[in-house]
Each structure stands twice: as structure tokens, then as C-alpha cells.
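Participant: Spelled out from the first residue to the last, the chains are:
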Amino acid sequence: MAAIQTTALTKTFGDVVAIDSLDLTVEEGEVFGFLGPNGAGKSTTIDILLDYTRPSSGNAEVLGLDAQKDTMTVRERVGVLPENRSLYDRLSGRRHLTFALESNGVEPIDERISHLLDRVGLSASDAQRPAGDYSTGMEQRLSLGMALSGDPELLILDEPTSGLDPNGIREMRDIIREESASGTTVFFSSHILEQVEAVCDRVGILARGQLQAVDTIEGLRDSRGSSARLTLELDTVPDLDLGLIDGISGVEIDDSTIHVSCSAGEAKAKAINHVEAAGATVLDIGVEETSLEDLFRAYTSGESVPTETSEPQEVLA
Amino acid sequence: MSTKIIARKDFDDARRSRMILAIVSIFVLFASLLVAAPELFGDSTTDVSTAEALSLTVIPAETLVPIVSLIVGYMAIVGERQSGSIKMLLGFPHSRRDIVAGKLIGRTAVVGLGIVVGFTVAVLLGAVLYGSFPARDFAALLGVTLYLALVFVGFAVGVSAATSSRGTAMAIVVGMFIIFNAFWNLLTALLLYVVEGSNAGEPTWYEFLVSLSPMAAYESAARTVMDVEILPLFSGPTSEAAVSGDPFFLQDWFGFVILAVWMFTPLAFGYWRFSRADLG
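Chains P and A, in that order, give the protein sequences.
Under the numbering used here, the residue at position 98 of the first sequence is numbered 98, and the numbers go up by one with no gaps.
Under the numbering used here, the residue at position 237 of the second sequence is numbered 237, and the numbers go up by one with no gaps.
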């Protein structure tokens, strides 16, 4: 049984097709990153899984249950972190957690509250304050605590890292890993890529309402050709055509530096050997793997992976 | 269970907003002033009973209770849709019906608390001023006024469930209030003039039309349960002494039925719309 399975799932709003015949399978126990630019249809998909929205055609199953017919059972077994902030400004963090625990029928409330606060890194004094006073990071922690309150089999997190600082992102990631280690399936959407790369078993890339790819990060890189860019700084640039070497898809020369786009790992070594054999001395070597950003842009724009424009990625964790 | 959890959450939210404090204060001031009015402004030679003083609140209550109830109720569901918190609510094992029912109960409790405290303070004040404690009339007035609050909160929650924007919900409740509070008698009188000419009597259909206003229905309902006479404001002079020979739908007790229709119709329609809505 899959944790999430959609079959030819389609949703239109008037003339706008939000999701277009989506077939998505998320296996039990995996961490699945649901990637796509804003407006790709990620939230609409999640909305259907939780029956906030009804499909125009096709169907969705969550934990083997029909998302539209067995909605209440789905909600009992799933923990949800909705998109954007959705807390009550005037109610305290503690009151929110009380509501969540009562709703899931979990007891004893006080004990569970301390446990959840601990889990998401909120202090007891934070919990006394109204949620309206919280920073974005605290809001997300509280929302996550509520999502975890029923000890769910499946966690659905809609943009869980939006508005978080690098520290908060790392903590969110740690919690996702812990949950996953305890057997929970985690399905989360994001338009920010580094976060997905670090924590997901598999990713699905959604654009214009359709799945463009579903694979592991490595699998995506391989399937999309060019996987690394080799930069060689030389004393002189020899007269040779590296482009003829198997596994090299492109060469760019910039004064005494050459950039080589490699689609296979061994091509990098071959390139260096050829350059040295042609009489040049290699002064420095740089290797840059194709970033997920490039892959993502390629998939969502429908173009090939743009190796020559890649810039060093901002490392967030 | 779900209904209770949602109702309590809603009530707590209202408490934090100090809305409850404001509502309780309004009702205490309102009921106390009216009950004290005969003592303050009246002719001191006539004897006034607490029950009579209490009955003075009926007419103003039929304006005040609807206003407060509509304000408290109209954002109940559409507000959660606009803020996005509805997704949090529905992420837990609550159905959309639980939400409508929980909101109805939670928000009625907010207005109800104001009414109970306000009228209790007023009747105690009356007992001190006029020396009698009309337990039966007090209970009856309290009951029928709470019912009025439930009806108007129900109307507003129904509207709130049926609409997807705050503006629409507000326009509907404000429009409803203005039509039935200010223009209903005028509109029905115009219709009477158009249909029957200038020197007509008051045919049954006209009387029924007048009685359909929820404010008139409340007057009729209050008259059935209270022993003291209540001057009609909305129900018109003719139905003041609704006699037993009138058709059943013109008798005072029918006010309860009319009020029930005012609550259930919008609630049912609102729930129907809400249960089908895409909460994107």
C-alpha cells in the first residue's frame, strides 16, 4: 500500500488547469519532496489529499483510503502543517496544542504538551504567549507541534521551511529525519531546493500541473545528462578539442581557463589527462556538481540543463 | 466531541479578544437602564412592578440582540477561510458539519453570556427598586431572548458558511438587518397599497407578511411566554391582540416557528454551500 497515490488527478478552476492528470505515488516510510515553482499545483494537490478541495476528475488515496470519501479517517492518521500561517493570534501556544491534542483525542494533555514543546524547541514561557507575538520561526514550530500531536503515520507539510532562517531550516530538517526514522512517511512541498536535497529519499518535480520527473536526487542528475563542470586553470591553453572525448558535452575557453561540462564521472579524469598530454600544465582544478537549482530550472522551464551559467550555490546548512 | 472542542476554542478566542467583556458590558448597561427607567423618569405616583419594568427591555432587545449576534456571527467561518486557519482546523479529524455546529454553539455562548449577565443584573436591580422578583417572567424573557440570539447567530453563521469573502458576508447581514429592522413595515405597507388600494383593511396575507420579520416574531414569541403586556413595535397594531379566532399562523406562538425558519434556512443553505466549497 502506498502512503499517497493519485490517479489521473485533475483540478481546474474555471479555465485554469491547476493540476493536469497527475499520477503520483509516495511509498510508505519514505521522505518525499514535492518540488515546484509557486503556482505549479503543489498546494492544490495537498488540498485534495486533505479534502479541502475536490478533484475535477481522477482520484486520490491516502494510506489506502479515498481522500474524498474517508476524509475523517485520513485526518485521524495524518498530521498536517498547512501552507502560510494559520494560527489564532490571540490564543497561546499552549492553547493551540491543547486544541490539537483534544482534536486527536490524545491524553494526558499536560504531559503531551511538554513533550511536544520539547520536540519542536519551544520553551514553556513561549507557550504562555499568544501566537500573535510569535516570530515566523516560532509559528512554524508551533504548527509543526500541532501536526505531530496525533503521532501521525503520514506527515504532510506544505512549505514547512518558508520564512525560516537557516537555523530554523536545519531544525525542521532534523525533525523530519527523526520522524522518518521512527517510521513516519513524510511528504513535503517546497520551492526552495537545497532543503529538499538534504533530506529527501525521492523528489517529484511539478510544473504547470504535471509531474516532470520523480527520482532520487542522484537519479535526476544522471537522467538529465551533464552532472558536473570541471574548471581547469592552465599555464597555456593547448590546441585540442576535448569535445571529442566520450562523456564531455561542452567546452568553454576563457583566457587560460577552460570549463568542461562532463556527463560522466570518468570524463573529468580523461579531460585532465588529455590536457596534460597536449603539453599544458594544470595549475588548479575546480569541480562543481550541477546544482539542484540548475536541474530544477531545466525541468520547470523544459530546457536542457544550463551548465555554463551555474554559479556557486549558497549553502544553507 | 468535535463540535464541543471547536465551540470551546471559539469561545476562548472571543474571550481573549475582550469581545465578551464588551458584550457583557453592553447588555448590563442596556438592561439595567431600561429596568431603572420607570424609577428614574416615571411618574412616582404609579406603582410599577419589576415584571413591567423588565418588559420594557423587549422592544429595544429586538434591535440590540440581532445587531450583536450578527456582528459576533458573520465572521465565524468566512474569517477562518480568509486567514487560512480553516486548513488547520480541518487538518484534524473534524468534519465541515462539526465546524458549522461548533461555531454556532461557541458564538451563541458569547452572546448568551452577555444576555444572561445583563438580564440577571437588571432583574436584581428591579427587585431592589420595585420590591418584587418575578421569577417566571424573568425566566421566560431570558429564554425567549436567548432564543432570539441563537436565531440571529444561526443566520449569521449560515451566511458566513455560504460565502467566500468577508465583504459578501457583511453585506448580506447588514442588508438583512436594515431591511427587517427599518424598512419591513414600510415595504409591506407599500405592497398593501399597491395590491388593495388606499382604503383597504388589513387582509390576512398582509398581516402574515408583517409577522414574518424576525423582530415581529420575537415580539409575538415574548408575548406568549410573558404575563405582562408588551407594546408592539414591529408586529403592528392589529396583531397586538392576536385572538384565538385567527388562523394558526397569525397567533403569537407561531413567532417561535418563524424564528426557527430564520435560523434553519440560512444554516442549511450555508452548510450545503460550505460542504461543497473548495477551500483553496
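Incorrect hints may have been included.
[To be verified] Footprint (simulated), chain P over chain A, 3 or more residues, beta carbon under 8 angstroms:
no.	stretch
1	2–9
2	13–22
3	83–97
4	271–280
Treat the hints as calculated values from the structure; they're not laboratory data.
Backbone N, C-alpha and C fix where the C-beta goes; we use that ideal spot for every residue, glycine too.
Participant: Could you check the structure against the hints above and give me the numbers of any it violates, in ascending order?
Facilitator: Of the numbered hints, all hold.
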